[in-house]
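A.B. asks: Respectively, the protein sequence lines represent chains Z and V.
Going by the numbering used here, the residue at position 206 of the first sequence is 206; the numbering climbs one at a time, nothing skipped.
Going by the numbering used here, the residue at position 180 of the second sequence is 1180; the numbering climbs one at a time, nothing skipped.
Keep in mind that the hints were calculated from the coordinates and are not lab data.
In this text the structure is predicted, and so the values were computed from the model without any measurement.
Where hints are given, some of them may not hold.
[To be verified] Cβ-to-Cβ under 7 angstroms is the rule here; a few derived chain V residues that face chain Z:
hint, residue
1, Gln1288
2, Val1391
3, Glu1395
4, Ser1486
5, Asn1591
[Said to hold, decoys possible] In silico DSS-like cross-links for lysine-lysine, where the CA-CA straight-line distance does not exceed 30 angstroms:
hint, chain 1, residue 1, chain 2, residue 2
6, V, Lys1005, Z, Lys187
7, V, Lys1131, V, Lys1235
8, V, Lys1236, Z, Lys223
9, V, Lys1457, Z, Lys224
10, V, Lys1236, V, Lys1249
11, V, Lys1005, Z, Lys223
12, V, Lys1468, V, Lys1387
13, V, Lys1457, Z, Lys187
[Said to hold, decoys possible] To spell it out: a stretch of chain V is covered by chain Z in this simulated footprint if at least three of its residues, at any positions, have a beta carbon under 8 angstroms from a beta carbon of chain Z; those stretches are:
hint, region
14, 1009-1016
15, 1301-1314
Here a beta-carbon is modelled for each residue, glycine too, at the ideal position from N, C-alpha and C.
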Amino acid sequence: MDRDIIRAFLWQEVTFLGFRPSGDKGRKKWLREYNRSLLDFWELGDYPDTPRVDGGALTGEIDAGFNLNLFFDYSVYEPEKFAVRFLRASNRASEFMWTHEVDGNYFDFPSRSVLNRLDERRKRNSALRKEAEKHDVAAVIDGLLCHPRTHQHIEYPITPHKIRIGGGIGNAFLFLFHLRYQLCLIKEKRLAERGRLIELFWDAIKNKSDHYRNELSVFELFKKV
Amino acid sequence: MKSIKRHSFGVNLDQGIPLSSEWEFKNLYVDCHGETVDELLSWLKEDDAPLRLGGQIGSGKSSLIVKAFKDSGIEPDIVFQFDQDGLNLSLGDFLRIVMVGFLRFASNADMDVSSCFLSGELDDLFGDDWKTGLDQWHSDGFLPGVYKKKTALSQRLGGQADYYRNVVGAMGNALQEKIGRPLFVFASGIDKYETDCAAYFSLGSLIRMLLSYKTLFEVNAVHLFHTANEWGGIKKRFLPSMPDERIEKIIAKRMGAHAASVKEAAPVLSKMAGGNPRQALRLLSHFQSCGKKRGAGLSDSMAFAVRSTTRDFFSFAPRPDLGIMRYIVENGKIAASEFSLFGDKDTARRAMYGNWFFIAGDGHDGEWPAQINPLVKGFFQEDINLKDPEVQALEAWARQVDISPAGLSFSTHDLSGEEKKTGEKLINDLFSDHLEHPLPSNLSDVFDVMASVLLSKERPDRVLIVFKDRSVIEAARAYLFGKANSYEYQRFSHTVISGGEQATPLRDFFEHLQEETDIYSIEFAGIWTKDQLESLDKARDRLVDRQMIWWIEYDPLMKYFQYWTQLRQLFSVFILDDELLASLSMEDMENDLEFFQEMVDDEQTSEANVFHNLKIVLDYLRAAKGAGNG
């Protein structure tokens, strides 16, 4: 089978398993765990404040710390309707840099619908899963999180070239998770995290029943490396 | 002792507790006293005579001693912690500490020395078998029954002090004879005693007794200059303040992979630390905690760091003699003869003990290089001298980080972004007198600064909150307890401990610490006596693994701080604004509650703690608002 089709299938699966928490409670839990995980993953001095509900959105504010002099805040209305604002911490006060905004009301290439059609659901899911290999999951993790094909380097003030901000990510949870990886300055942690994610999703996909579409536990998703 | 969880690569801040683990020495230790370490190692391996190792508070004595033990592979036979096992700081307590230490060593080495020297007179306390239950006499036994027994033993020993001093002396000599080599004793905690306090006087006779062994005495610098005869003529070694570049290295190591973010600020922080590593760490922590607030500029963070550290260590502390301090400002040195004056609370010894100035190197011809602690320089100096190294470092930093386009006439914004500040104003902010007028904080500020501590079980730091208006305290406590559970389930236990002539606050205090909880919240009530306050001050190192919030009213605190030179080293101090409403909005509370409400599945969870406590705060705010409207 075409590797691209296998990876497209995995792309969907990984997104579903980790980055489409269901229901209001699930999203709150995901975001709280997300905020909590940053202290350890970035090895900062402080936890960020907990997320809040504000004007119908789940909001949070993150100090991306220290060397980057960068803050960002997020407002998530729906997985495909959200905004992340980036602010530079300067000598005087913080200055807005840019906003990554996704408005799901507008048309985009309907990759999910197309794949579902192609998939013929249960018959082909099993076959795809059987043919998928770990390096396929690795390629998907890279494309989604660690090295998105379409990305920006913010030359200043985010100077490290290894930081790639994925410009085409339309899912709030995926975008935040990829920021978590990209804004980590510790190469050992990045490396370990990439390996952990590949193992985590590989296990989840291999062990998944066709009949259950369980999300990964947020505690697994944000487990310390 | 519970150890702090450390990050492998990133930030590792704390309130300046001694390093202890292999990892900490490998990754956080900076060799600042190479010559002293070599001498200490040589002494450990080859010398049998006692030694005094002294340095000022926060100079790194304890870390250096542990490092020497690790490097040499030589551990003391017996450790006496004179600051950690006493309650009333009496001769009886000190005798008990030494006696129990000797007995424990004998027990571990399977030697029976008791029958030779304890001819039955303590059987009612020790029981038939002196080895049984030795642990209960040691260290943290503050359960009610144990406390009574310990007190009884101390009183018995203190009642016949001369006799029992001979008994324990003979015990030590017998042990030394039995092991066939000099008994290696580490006498720690003497550094917590000022030379003119009654407890130190009591300790003197035991110090003299311990001179018979290979004893390492951990002392404050004042004990090295103290000419009293308890020390005889034993060797001494002094740890002076550290060079700036070493302090900068400590700062870089503490920031780990994030060190670049403080590269420009480190020279200023280092200068303001005056060569004292603990002071440097506190400045760094405050600098970081302000810097994480959106809208805070670098100049705000620097001013905040200096003000907050000054408040932590010096606000309301008894002032040293102005003449001595001005002499040091003008001459950069102090005569050793200044340290031998007796009876005057304002002497140089008091100033050195309180870190009002730092000794910067070894003395020559009776004079020692010294510098005023940069944090309090503004109080003793008529005008700010623009050629002072701290001012010059600040100016260089300001230029580097683009605050200053033109030397000291640079301008920047304050937090609100409205009011212009001049460079002179910033320098004035840093060097003006914050001692008697420390700035108050609102509750939200307290939480912002202490978030790293309160939110995590892995940072057992301590906060002291000073309040004027008792009516806000319950809501303030609920706010902090609720916020402390933002991410981790943290149990908290609140108690009120009363001091006074008829009270037993120390016993109550340590009994409270026996509770299984994560955050110990203690409100100080009544009027604690001088002895009670001094005793608590000496217990500083017993609190280093506890996460604590202390609540003290403003007026008595000014008195308490006079006796808490040691204790306040391990606390961040906040003076709470009277007006709780000023910093907490109902809307914020409602937003927080809406976020957490749905997630409360079980009562014993962080979510439930957040929800219930913030609900108390919201109710308070509603009632207060209602009352205001009425």
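A.B. asks: Given the hint that lysine 1131 of chain V pairs with lysine 1235 of chain V, does the C-alpha gap stay at or below 30 angstroms?
C.D. replies: Violated, because 36 angstroms separates the two Cα atoms, which is more than 30 angstroms.
A.B. asks: Would the hint on valine 1391 of chain V be counted as holding, given a Cβ-Cβ threshold of 7 angstroms to chain Z?
C.D. replies: 19 angstroms, violated
A.B. asks: May I ask you to test the interface hint for glutamine 1288 of chain V with respect to chain Z, counting a Cβ-Cβ separation under 7 angstroms as satisfied?
C.D. replies: Holds, because the Cβ-Cβ distance from glutamine 1288 of chain V to chain Z comes to roughly 5 angstroms (cut-off 7 angstroms).
A.B. asks: Under the criterion of a CB-CB separation shorter than 7 angstroms, is glutamate 1395 of chain V in contact with chain Z as hinted?
C.D. replies: 15 angstroms, violated
A.B. asks: Has the given pair, lysine 1236 of chain V with lysine 1249 of chain V, been kept, meaning a C-alpha gap of at most 30 angstroms?
C.D. replies: 27 angstroms, holds
A.B. asks: Run the distance test for lysine 1236 of chain V versus lysine 223 of chain Z: straight-line Cα separation, threshold 30 angstroms.
C.D. replies: Outside the cut-off at roughly 51 angstroms; violated.
A.B. asks: Please verify that hint: asparagine 1591 of chain V, Cβ, nearest Cβ of chain Z, below 7 angstroms or not.
C.D. replies: 4 angstroms, holds
A.B. asks: Can we keep the serine 1486 of chain V interface hint, with Cβ of chain Z closer than 7 angstroms?
C.D. replies: Holds - the Cβ of serine 1486 of chain V comes within 7 angstroms of chain Z, reaching about 5 angstroms at its closest.
A.B. asks: With a cut-off of 30 angstroms on the C-alpha distance, tell me whether lysine 1457 of chain V and lysine 224 of chain Z pass.
C.D. replies: Within the cut-off at roughly 16 angstroms; holds.
A.B. asks: Hint check: lysine 1457 of chain V vs lysine 187 of chain Z, CA-CA at most 30 angstroms. Holds or violated?
C.D. replies: 27 angstroms, holds
A.B. asks: Holds or violated: the region 1009-1016 of chain V covered by chain Z, criterion of 3 or more residues with Cβ-Cβ distance under 8 angstroms?
C.D. replies: holds (count 4)
A.B. asks: Does lysine 187 of chain Z sit within 30 angstroms of lysine 1005 of chain V, going by the straight-line distance between their CA atoms?
C.D. replies: It holds: about 21 angstroms lies between the C-alpha atoms, which stays within 30 angstroms.
The earlier numbered hints that this structure contradicts are 2, 3, 7, 8, 12, 15.
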